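Construct the complete structure from the given sequences, taking the supplied hints into account.
Each chain, letter by letter, is given below.
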Amino acid sequence: MHVTREVAVAAAPPALWALLWDVPRMVECVPGCVEAREIEAHRRYVARMQQKVGPISLSAPLEVHVVEMEPERRLALEARGRDPVVGAEITLRVALGIEGRDGASLLRIDAEGRVLGKLGALGHGVIQKKAEEAVDEFGARLRRAAEA
Amino acid sequence: MSAGERLRVVGQSVPRIDALEKVTGRARYVTDLELPGMLYAALLRSPWAHARIVRIDAAAARALPGVRAVVTGADLTWCDPYFGPAFRDRPILAIDVVRYEGEPVAAVVAEDAEVAARALALVEVEYEEQPAVTTLEEALAPGAPLVHTSEPPAGHFADLSSLRPVPGTNICHQFHFERGRGHAAFAEADLTLEDAYSFPRVQHYSLEPHAALAAWDDQGGLTVWASTQNPYSVRVELSKMFREPLSRVRIVVPFLGGGFGGKTYAKLEPIVGALARITDRPVRLALSAEEAFRTVRRCDARVRVRLGLRADGLLLAAECHADFDLGAYADIGPRIIQKGTYTATGPYRVPHVVLHSNAVYTNTTPGGAFRGFGVPQLAWAFESLLDEAAARLGRDPVDVRRQNLLAHGEEYVPGDTPIDGKFEESLNRAAAAIGWTQAARPGRGRGIAMMMKASIGPTVSEAIVRLHADGSVTVLASTVEMGQGARTVMAQIAAEVLAVPVARVTVATPDTAITPYDQTTSSSRSTTMMGRAVYEAAEDVRGQLLRVAAALLKTPAHHLRVEDGAVVGRRARVPYPALLQERFGMGGGELIGRGIVAPGRSAAPLGGSTPFWEMAVGAAEIQLDEETGAITVEDYVSVADVGRCINPLQCEGQDEGAVMQGLGHTLFEEMLYERGQLLNANLVDYRVPRAEDLPARLRCEFVENGDGCGPFGAKGAGEGSLVPVSPAVGNALARLAGVRLRDLPLTPERVWRALRARAAGQSQGA
Amino acid sequence: MLPPFALYRPSSLAEVADLLAAHRRDAALYAGGTELLLLLKEGLLRVQCLVDVKRVPGLAEIAAEGEVLRIGATARHRTVERSALVRARCPLVADVARHVANVRVRNVGTVGGNLAFADPHSDLATLYLTLDGMVRLWSRAGERDVALEEFLRGPYETAREEDEVLTAVRVRPWPAGTAGVYLKFGLYERPTLGVALAVSVDARGRVAAARLAVGCVGPRPRRFPAVEAEARGQTLGELAADAERLARAAAEGVDTTSDTHGSADYKRDMTRVFVRRALRIVAARAGGQEPHARYPHTIVV
Amino acid sequence: MPDTRTPSSFSITLSVNGRAVALDVPAHALLLDVLRDRLGLKGAKRSCDVQVCGACTVLVAGAPVSACTYLAVEADGLDVLTVEGLGSGERLDPLQEAFIEHGAVQCGFCTSGMLVAAKALLAEEPAPAPERVVHHLRGNLCRCTGYRKVVEAVVACGRASGERP
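Same order as they appear, the protein sequences are chains F, X, V and A.
Counting in this note's numbering, the first sequence runs from -11 upward without gaps.
Counting in this note's numbering, the second sequence runs from 29 upward without gaps.
Counting in this note's numbering, the third sequence runs from 32 upward without gaps.
Counting in this note's numbering, the fourth sequence runs from 48 upward without gaps.
Rather than coming from a laboratory, the hints here were simulated on the basis of the structure.
Being a predicted model, the structure only gives us computed values, none of them experimental.
Ideal Cβ positions, reconstructed from N, Cα and C, are used throughout, including at glycine.
Heads up, some of the hints might be wrong.
Residues from chain F that face chain X, not an exhaustive set, calculated with beta carbons under 8 Å [said to hold, decoys possible]: (1) P72; (2) E77; (3) G88; (4) R102; (5) L104; (6) G105; (7) G108; (8) H112.
In C-alpha cells, the structure reads:
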C-alpha cells in the first residue's frame, strides 16, 4: 500500500523535529505502535506493532533503521518485521519532509509498505484502507502533540 | 486395413472405458494413493519475490515429535539438485536465493500431514530482500536486475540445443524466422497497420493440484507415482539428478485430474525423490490449489504485429515481435516462444514474414506449457489486427480471411509438412452456423477468428499390443489419461484393427517399467502419433494371425481377413484362441505386436516437421451491457478440421471444454501481482468459468476429410478450439461497439473504460 | 486441515457467557463456520476453542413479533429461503437467500454468522438495511438492540463486544403495496456491487416511502436518506423519469474502495447505473408489471 | 453424543452410505479427511479447499455440504452420502448412467461432487429445467467438459425419472 498526506502543524520546524525523536511521545502518535525503544540514537530502534483487521489481530516486532536524516528538514526510516502467528512479513518505508512556513511547519508524509503472506493477499483492499486511516490518525495525533 | 472397409468401432461414440471407475468414485489419483510407512511432506515457501537466504533455523521444527526430516537447499549436495527441460535452472529447493514469491525454501517430512504443517510454522528463515522484476517492462529495461546471474546448463531436448540467451539481460532465449523479402516487402503494401496486444498471466486450475509419491527400493531403484503428462521426460530428469540409470527410475501415472499442459515436465517429482532418499521411506506431497498457482502458469506475453496488405485485401507482409514472460524458471518456455511465433500468421498465405520472440525471466511463478502452447498469445494479436485491416479496407472479415487461406497441399515453409486440411470448409461452416450474413439481433455483435498450430517434431511414440490366449487384447502405451479420453481412443483403434469388441481391450496404466517410450501427452499429438503406433502394433499382430491361419488353412494370407475375433477365409473361420493353440502347441502363449512412430528430424525451422497442422475456427455472438462493460457470449460455434473423429462424443467434449477454458482468459481470468506478491491465488478471487457462463447456444462441429497422418485419417484436436475464442470475442466487441481492446481479459471495467474513452473521443470530434 | 482446538457445545446463553469469560480471545463463536473455519485453515486466526451456539434453544427460530420478523442468528440461509413465514412477510429476504454463495454454503452458513463476520460484500447486510434491520446482542450484562447501520462499523468490524453474542436480527417488513428489488452485479464469488430498493406507494399512487441501500462497493453498506427523501411524493412515472438524476446523486455520496473486484471510480459509476436500474424496475413492479430486466453478470431478484 | 472427556475429542456415529460407523474424532477433524483417510472413501476430493469448487461435495442429512470445510463431529447421528453410496458396477444410479451416456465425465476429479450435488437437486426437483440445474451447479467447477454435457445429463436424468412411476 502507499499513502501520502500533508499536515499543517502549528509548531516551528525545530520543535517538530525534536518531537520526532522523542520516542515515548512518538509511541503515542503512531497508531498501532504499542512500544518502542532506542538501540542507537538517530540510527536504530525496535518497536512492536499491533493492528486489528476484523477478527484477525496482527502483532509483530519491528526493526527500525533511519535511512535519511537532514535535521529539521527530512527524515526517512525503514521498518521490517514478521508476525509468526499469522505468517505475515511486514515492510514499511516512511519519509517525513518538514517545510517551515512563517513560524509553523508543513509536514509531508510518504508512507509505503507491504504485508506479505496470506493476510497481505487476502486482505489487500482492507489493508490499503487501514493504512490511509492510520496515516491520517498519525497526522492528527502529531499535530495535537506538537501544538500541546 | 484398407481404408474402404466399413469401420465398426472407430468413428463411434463408444462409452469411455474409464467412465465406470470415475462415476463410482473408485478412480484413483496420486493424492489417493498410500504406501505402508508413507510419510507426508509439506513445503515452506518464500514470501519474497527476490531475496537472498541469509539463514535458515530448522532446529525447533526438527525437534517436533513426528517430524522425520527438515530439508533445505544446503542438504542436497548428494545429488544434482537442478532440473528443467530447456535449462536445468530450477533447484529442488531454493539454494542461496529465492526468485519468486512462493518458491519452495524448505521441506518438512512427518508421520502425518498435521505434524508436517505444524512443523512448517517453526522453520525460521531470514531473507535479505533483493530488487525484483515482476513485469516484462521491468525485466527488459536496460540495466534491470537479473533473475539469473549465471547461465544455467542446457536441458535435454534436441530441438532446444541451440538455446540463445542474451548475456547480461533477462532474455534466456530468442527465436527469429524470416521468409521472402522481410521488411522490404512493406514498401509495396497499399495498407500498412500496426498495433500492440497483451495476453494475461492465467493459471491452468486443473481440479487436481499437482501430487507425487516416491519410494526407493532396496536395489537403489526409484519409483515415483506422479501426476505428470510426460513420465519419460521426468525419468530423464530424475536419472540425471540422482545419478541412476534410466532402467532404475520408474514413473507410474494413474489418472490425472486434468493437466492442460500444467503437468508437463518435472514439477514435484525431484523433491519427493530427494525426500524419500533422505528419509528412506515413501514420501507423498500433494499441493493445495493455492500452491499450484505458485508452481506453473501460462506465459503471459506482449505482442506487436505489423501487417501489409494490397488494396484487394491480399496479405503481403507480416512482422510479429513477441516477448513472453517465463517467470523465474524457464521450464519449456523456450520451446513455447518458438512454437507460438512460428505460426503467428495463422492459416494464411503471407509471402513476406519477419518473426521474432524473446523468452524473458521475471521474479514470478514459473510459466510452462498451457493448452495452445504460445499460439493463443499470438493469435489474439494477429486475428485482432486482421479484423482491423478488413475494416480499414471496408471488407467483410470472413471474405478477407477466405481470400488469404492457405490451400490444401500448399507449402507453409520449405522443409515443413504441406497444408493437410481444406481450411475454407471450416470457415464457411462456422460463418453459416453463426448466421454471419444475416443481421444480428439488436445489442448483439458477431466476430470470427481462426488459428493454426504445429505439433511437436521430431517426435516419438511406441506401443505394444498383446493378443492373449482367449482372444482378448492389452495395449501398452504411455499416453497419460488426463480426461481427454486417450485410453478409450487407443482401445477403439486396437479393437478396430483386430476386430474384437472394445470391451475385450484393456489399456495399461502408463508405467515406464512396462509401457514403452512416448515423448509426451501434449501438443494434441496422442490420437495421431500414439494412435498410429497402436495401429501399427495391432497391424503387426494381425499379420501374425493371418500368417498362422494361412499355414493352417494352406491359403495365401492375402485371401484371409479378420472378423469378430477370428481369421476368416472363403470357406473357413478360425477363432483367435485356436490360432494361438496352433501357433504355441499349448493353451498359453500370446502374440506381441510392436509399433514405433518416429518421423525424426527434418529441414523444418523447428528441427522437425509437424506431423499434422491443427486448425480451428471460432465464431462468437456476444451481448454487451454498454453501461457496465459486461460481456456474455450468447452463441458460439467452433469448427475444427480434425481429419477423423475416432470418438465423436469425446471430440465434442474436448472442444466444448476448450471453448469454455478459452472463455476464461477472454473474460475473467488474470493472476494479479502487486510488486512481486500474488494477490489472488485462490478460487474466491480467481474466477474460473462456471456452468452459468455457458453460452445459450454452444455448437462444436468437425470437418472430417480423412486427410490426417493419424490412424483412419485422424489429426490432433486437443487445443485448437481454445485459441480463436479471445480474438472472436474481441472482434465481436469491436464490430458491435467500435472499441478495440488490446489487453485480456475483457473485464467489465476494461470495456467500460474503453467505451468512456470512445465517448470522450467522439465528443471532441476526434 | 485445521489447527487443533476444543469444541464446547453449550445449551444456554449463560453457558456461552461463561465460556467467553473464561477463554476471552482464545475462544471464537461458531455456528455454520463457513467463514471462521477458512480463517483457521489459512492460519490467520489462532484460537484454543470454538463455542458452538447451535444448541442454544431458540437461536435458530424464525418468528413474527407483531409487525416485526425475528430471524434467529443460527437460522441457515437455506431455512430462510424456504420459510413460509419469511416468504409471507418479506418475500425478497427469502429470494435473496437463494443467491447467497452456493447451495453448500447456504445449507451450512447462518444469518448471524454472515452479519457478525461483516464481509463488506455481504448481500444480507445490504438488503436488511432497507428493512430497518436491528441486531440483538446478548451478554451477561443484558441485551441491547443495535441498528444494523451502527452495528456494521467497517470491513469485518462490528459493534459486538467480545463478551456479546448476536442472537437474532429483526427486520421490519415493508408495508403492503411495496415493490422491491435486489440487484447483484459482479464476476467473482463475492459481488462487486449490491443494490436493495423498496418503494411504497400510497392510495394516490405517489411514493409514500423509499428505502435504498448500496453495498459491496465500500467498507460497509449504507442507506441514502437524501435520495429517499427526493423520491417521496413522486408518481411512479415521475420516479422512472427521474431515476437517472436520483442515481447520480446516490453515486456522488457513495464511499468506494479499490480492490481486486474493481476500482473506486468504476464502483462509483456502477452505483449510478444500478441504482437507476433498480428505480426503473421497482417503478414498473409497483405498477404491476414485471420488466424482465436481464443484464450480463447481474442477478435480478 | 459428545464425549465427556475434554471437548477436544468426540465419539461419533455416522451412517455413511447406509452403514453405521462409530469413530473417535478430534474436534478439529474435517469430514473430508475422516471420509478419505479413516474410512477409505476416496471419491470426494480436495481441490480449492475454500468451499468454491464442489469437488468435496457430500450429502449430510440429504443436504450438499463442502466436506473440506465441515467438522466431522457435526455429522454425528446423521446420514452421510458419498459418491460411493450412489451405486456400484452392478446397479448404477440413473445419474451415473446419464453422465456416462452423455459424455459428462472427462478427468473425473469433479465428477463425484457433480453427481452428489445433482442427486440432492433431483431429490428436491425431480425434473429441473436447464436453468435450475445451472443455478444449482454454480458451486461445482469443472475445467474439462465446459459443463454442457453435465447439464444435459442431469436434465435428461430428471426427465427420465419423471417418466418412471
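Against the structure, the hints come out as follows:
For P72(F), the interface hint holds, the least distance from its beta-carbon to any beta-carbon of chain X being 7 Å, beneath 8 Å. Interface restraint check for E77(F): the shortest CB-CB distance to chain X comes to about 5 Å, inside 8 Å, so the restraint holds. Evaluation of the G88(F) hint against chain X yields a violated restraint, the C-beta minimum of about 34 Å exceeding 8 Å. A distance limit of 8 Å between C-beta atoms decides the matter here; for R102(F) the minimum to chain X is near 7 Å, and the interface restraint holds.
Interface restraint check for L104(F): the shortest CB-CB distance to chain X comes to about 4 Å, inside 8 Å, so the restraint holds. Interface hint at G105(F): satisfied, since its Cβ lies 5 Å from the closest Cβ of chain X, which is below the 8 Å cut-off. With a least beta-carbon distance of about 6 Å to chain X, the hint placing G108(F) at the interface is held under the 8 Å criterion. Checking H112(F) against chain X by beta carbon gives a least distance of about 5 Å; that is within 8 Å, so the hint holds.
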